[in-house]
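A.B. asks: Sequence:
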Amino acid sequence: MQILINNKKSYFNYEILEKYVAGIELFGFEVKSIKQGQGSLEGAYVTIRGGEAYLIGANIPAFQAKNAPESYDPIRNRRILLTKKEIGELALIEAKKGQTIVALAMHNAGGKIKIEIGVARGKKQFDKRETIKKRDEEREIRREMKG
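Using this note's numbering, the letters of the sequence shown correspond one by one to residues 1187 to 1333.
None of these hints come from the bench; they were simulated from the model. Treat each hint with caution, since some may be false.
As the list claims (entries may be wrong) - For each label pair, taking beta carbons as the anchor points, the in silico distance ranges come out as:
1. Glu1330 - Phe1213: 48 to 58 Å
2. Pro1255 - Arg1328: 48 to 58 Å
3. Met1187 - Phe1213: 17 to 27 Å
Heads up, the beta-carbon is just placed ideally off N, CA and C, and yes, glycines get one too.
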């Protein structure tokens, strides 16, 4: 499993409660672009509409912009392929106040592009400061152990 696109900000801004791995509906030139590491999941989230899950806000440019259709929108909504049971669970979670579903990463699994999504709760400002403090302390410990 090779991670192609990662959303590092999601782990900083949110507390991840549960993770799901799903397929995603893409055009061929989008797949090539993702395999090249182009694209961004920053600000991307999942919503449930009409019994289907959609990825909103992910920016995936065309592999070769001149060969893509003129009407191509790199920030278009993309359908996520989940089972009905998983969609039902996510719909209940989405209805809860204070929880959202965010895109965490895209990876290659057996020649297919999969997306990892997570049920998340937003962190407060003091939680973010605490995360930064822990990261700095761990860095200092590693630096002292090395030297």
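A.B. asks: State for each hint whether it applies.
C.D. replies: These are the hints, each one checked on the structure:
At about 50 Å, the CB distance of Glu1330 to Phe1213 agrees with the hint of 48 to 58 Å. Checking the proposed 48 to 58 Å range against Pro1255 and Arg1328 shows it holds: the Cβ atoms sit about 49 Å from each other. The given range of 17 to 27 Å is respected by Met1187 and Phe1213, whose C-beta atoms sit roughly 23 Å from each other.
Hint compliance for this structure: every hint is met.
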